[in-house]
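Going line by line, the protein sequences match chains B and Y.
For the first sequence, counting from 1, position 166 maps to 165 in numbering that gives the first Met the number 0; every step adds exactly one.
For the second sequence, counting from 1, position 122 maps to 121 in numbering that gives the first Met the number 0; every step adds exactly one.
A portion of the hints provided could be inaccurate.
To be verified - Examples of chain Y residues toward chain B, derived with CB under 10 Å:
id, residue
1, L79
2, G82
3, I91
4, R94
5, Q95
6, L97
7, S98
8, F99
9, E159
10, T161
To be verified - Incomplete in silico selection of chain B near chain Y, CB under 7 Å:
id, residue
11, G41
12, V80
13, E117
14, G129
15, V151
16, G153
17, A160
Keep in mind the hints are simulated off the structure, nothing from the lab.
We put the beta carbon where it would ideally sit given N, CA and C, even for glycine.
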Amino acid sequence: MDRPILRALLSLLLLSATHAYAERSYVVAPSVGVASISNMDGYDSSAYVRVDGTFHPIPQVGVGVFVASYPGFKSTAGNEVTIKVNGYGVGVTGRWPIHPHVQPYVRLDYMRWDAEAEAFNRTLAKDNGGSAGLALGAQFPIRGFFGLKAEVSGYNNVSGANIRQFSVGAMFEF
Amino acid sequence: MKGDFMEFVRKGAIAPILTLFSVLFLAGCGGANHPAPSTSYVTSAIYAFMKAVQDESGNVTTTVQLRDGLDPVAARYLYLAGGETLYTSLDISPRQYLSFTGNLFDNSLGVSQHLKVMGARDLYTDYFLFNQIVLGKPEYHSLNTPTAGSSPVRAYVDFERTGNVLAGETSIELPAAFQILAPASGASVTRATPVALTWSNVDATATMRLDVAVICDDGLRNTLNRDLGADTGATTLNSADYLPAGVSASATCQVAFILQRLHSGLVSPNFAFGIIEGVQRRTVQFTTIP
Chain B
0 MDRPILRALL SLLLLSATHA YAERSYVVAP SVGVASISNM DGYDSSAYVR
50 VDGTFHPIPQ VGVGVFVASY PGFKSTAGNE VTIKVNGYGV GVTGRWPIHP
100 HVQPYVRLDY MRWDAEAEAF NRTLAKDNGG SAGLALGAQF PIRGFFGLKA
150 EVSGYNNVSG ANIRQFSVGA MFEF
Chain Y
0 MKGDFMEFVR KGAIAPILTL FSVLFLAGCG GANHPAPSTS YVTSAIYAFM
50 KAVQDESGNV TTTVQLRDGL DPVAARYLYL AGGETLYTSL DISPRQYLSF
100 TGNLFDNSLG VSQHLKVMGA RDLYTDYFLF NQIVLGKPEY HSLNTPTAGS
150 SPVRAYVDFE RTGNVLAGET SIELPAAFQI LAPASGASVT RATPVALTWS
200 NVDATATMRL DVAVICDDGL RNTLNRDLGA DTGATTLNSA DYLPAGVSAS
250 ATCQVAFILQ RLHSGLVSPN FAFGIIEGVQ RRTVQFTTIP
């Protein structure tokens, strides 16, 4: 191979590697939200907190892990039954940097959950399992590594409940 | 000092104090009938008397009395203590409602909406024209609504003891519904006219009981409880049977016939003894005029 061509290929390789490294990032995103049950009446919404950690090898794609906690879906009639759900999981995110300050994204994830029903000052029953989830949202980079995010998401069949939720949070991208 | 004491006695101030002590002493001696905590008794020492009454609305009111003996006058009534609970439900037992493993959201709805925790009150009888309350004798009550189309309805009671142990599952199938055909609601009947009470849907396997409440415009009132025996669909009462003794000849009286169709059974064998009654109750009110 000619030296100029070899030099050009080497330059391209180095350039692409440098470019890729420059755009690799980590996003940590704590959020709070409200979750409701869509497939049955009889429960109030529950607040929830969630923390996502996502690695983006390229800006458009990320893989991540998360933890989430729902302190209580309370029954609305008769005896008060409270169902607590805690979960963790992994997900894949695709985002589109259509504007320096607006990045819509979609995330597919899978949550392992533990649920516990309480009433009459005791635990009635426990359950655990896994549910796939889908989220649609947008990140809003504001300044430096700091930004905000908002999303709607849902999980089906979390111990019989289809959960639909909305959250807002911060994002820190390094 | 001694002079002060004699002065105190001489003025008679000691008499009220002695009286007070006497009253307190007698109150203490009369404790045999005071309500006692359920935690003082093992289940096999408790007598349980239960009633599940379905009325015109379709709702089922369940009442439970726990005692330490058979005699409703001599026995001590028990109140729930130490977190012990009486549950009621219809068609599905409390034990079933409370024993589930998966599908928490669905199953917990059943616990939330259909399993009732009985509340406490003093012994209470609703005579429709007035209520009768016996203070100091606790009973437990709850209101359940049957699922639409569920017939016959089975009423359940269970007794949860310390340690979340269900110890007294008892149930009774409620008798078939009926309607009072006569007298008509709001009718005026002269005292001289016997009142024919008739009802629909005769059930030969059931027995009937009639409670009557009367309140007159001269201030007198009366109650009457009569077992009618096997269900024949009719009975006749004369006004002398139910009007208060000494009622004025010119008095007008409001009368409530509270007709009940009964099924009876025994409570859980875990109790010392007891009965449960399943009741269909219908009421008609009318006026008796001179």
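Outcome of the hint check:
With a least beta-carbon distance of about 13 Å to chain B, the hint placing L79 (chain Y) at the interface is violated under the 10 Å criterion. Interface hint at G82 (chain Y): satisfied, since its Cβ lies 7 Å from the closest Cβ of chain B, which is below the 10 Å cut-off. A cut of 10 Å between beta carbons decides the hint on I91 (chain Y): the least distance to chain B is about 14 Å, and the hint is violated. With a cut of 10 Å, the hint placing R94 (chain Y) at the interface with chain B is violated, because the nearest CB-to-CB distance is about 12 Å.
Contact between Q95 (chain Y) and chain B, as hinted, is not supported at the beta carbon level, the nearest pair being about 12 Å apart and thus beyond 10 Å. Interface hint at L97 (chain Y): satisfied, since its Cβ lies 7 Å from the closest Cβ of chain B, which is below the 10 Å cut-off. Taking 10 Å as the C-beta contact cut-off toward chain B, the hint placing S98 (chain Y) at the interface holds, the least distance being around 8 Å. Hint status for F99 (chain Y): holds, given a least beta-carbon distance of 5 Å to chain B, under 10 Å.
Interface hint status for E159 (chain Y): upheld, as the beta-carbon distance to the closest one in chain B is roughly 8 Å, under 10 Å. Because the closest C-beta pair between T161 (chain Y) and chain B is about 12 Å apart, greater than 10 Å, the hint is violated. A cut of 7 Å between beta carbons decides the hint on G41 (chain B): the least distance to chain Y is about 5 Å, and the hint holds. The restraint placing V80 (chain B) at the interface with chain Y holds, with a minimum CB-CB distance near 4 Å, inside the 7 Å limit.
Taking 7 Å as the C-beta cut-off, the interface hint given for E117 (chain B) is violated, the closest approach to chain Y being about 9 Å. Below 7 Å, beta-carbon pairs count as interface contacts, and G129 (chain B) has none with chain Y, the closest being about 13 Å; its hint is therefore violated. Because the beta carbon of V151 (chain B) sits about 20 Å from the nearest beta carbon in chain Y, more than 7 Å, this interface hint is broken. For G153 (chain B), the interface hint is violated, the least distance from its beta-carbon to any beta-carbon of chain Y being 15 Å, above 7 Å.
Restraint check, A160 (chain B) versus chain Y: the minimum CB separation of about 4 Å is within 7 Å; hint holds.
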